[in-house]
Amino acid sequence: MWHTRAEDRYRTRVMNMKESAEVVVIYDGQCDFCWQSITWVRKRCEITALAYQSSDLNQYCLTKEECSQRVYVIAGGQQYGAAAAVSYLLTCRGNKILGFLLRKSAGLGEFGYRAVAENRGSFIVKALGKLLRFLNSR
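Taking this note's numbering, I'd label the letters of the sequence shown as residues 331 to 468.
Among the hints, erroneous ones may be present.
Claimed, not checked - No farther apart than 35 Å at their CA atoms in a straight line, the calculated lysine-lysine pairs in the DSBU-like style are these:
id	residue 1	residue 2
1	Lys426	Lys373
2	Lys460	Lys434
3	Lys426	Lys456
4	Lys456	Lys394
5	Lys394	Lys434
6	Lys460	Lys373
7	Lys394	Lys460
8	Lys434	Lys456
9	Lys426	Lys394
10	Lys434	Lys373
11	Lys394	Lys373
12	Lys426	Lys460
13	Lys373	Lys456
Derived by calculation from the structure, the hints in this document are not laboratory data.
With these hints in hand, go ahead and build the complete structure from the sequences.
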């Protein structure tokens, strides 16, 4: 299974910050699909969304390089990245079954996440962004 050292760290690292109920999402602020996804999650889950390009990442023990490759969620002193972050947000939003399936899908969730993240400019991802924009306007 494909893992980077950063992915292994987010699975086990406990943040050096106060445990809190706040859910912080660090995402690519230049990606429309990412922004539309954040907007969709916010409809049912209270989050603080930070574009990595303009945020102080040191307080979250992250680098711009790490954040340019995947979304991160910091919640309850834990850090989740990529598919684990998406699973957390789906569950937070109330899509518990989908979040559970993504979490238990082994490498399939990570594969899907990478496929979207590496092709943010593709027709399909742009179309998904437009679909989310439509859903967010309702």
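So, going through the hints one by one against the coordinates:
1. Lys426 with Lys373: Roughly 15 Å between the alpha carbons, so the hint for lysine 426 and lysine 373 holds.
2. Lys460 with Lys434: holds, 28 Å
3. Lys426 with Lys456: holds, 26 Å
4. Lys456 with Lys394: holds, 24 Å
5. Lys394 with Lys434: holds, 28 Å
6. Lys460 with Lys373: holds, 17 Å
7. Lys394 with Lys460: holds, 27 Å
8. Lys434 with Lys456: holds, 27 Å
9. Lys426 with Lys394: Since the Cα atoms of lysine 426 and lysine 394 sit roughly 30 Å apart, the hinted pair holds (cutoff 35 Å).
10. Lys434 with Lys373: holds, 25 Å
11. Lys394 with Lys373: holds, 27 Å
12. Lys426 with Lys460: Cα-Cα ~24 Å, so holds.
13. Lys373 with Lys456: holds, 21 Å
Violation of the numbered hints given earlier is absent; every hint is satisfied by the structure.
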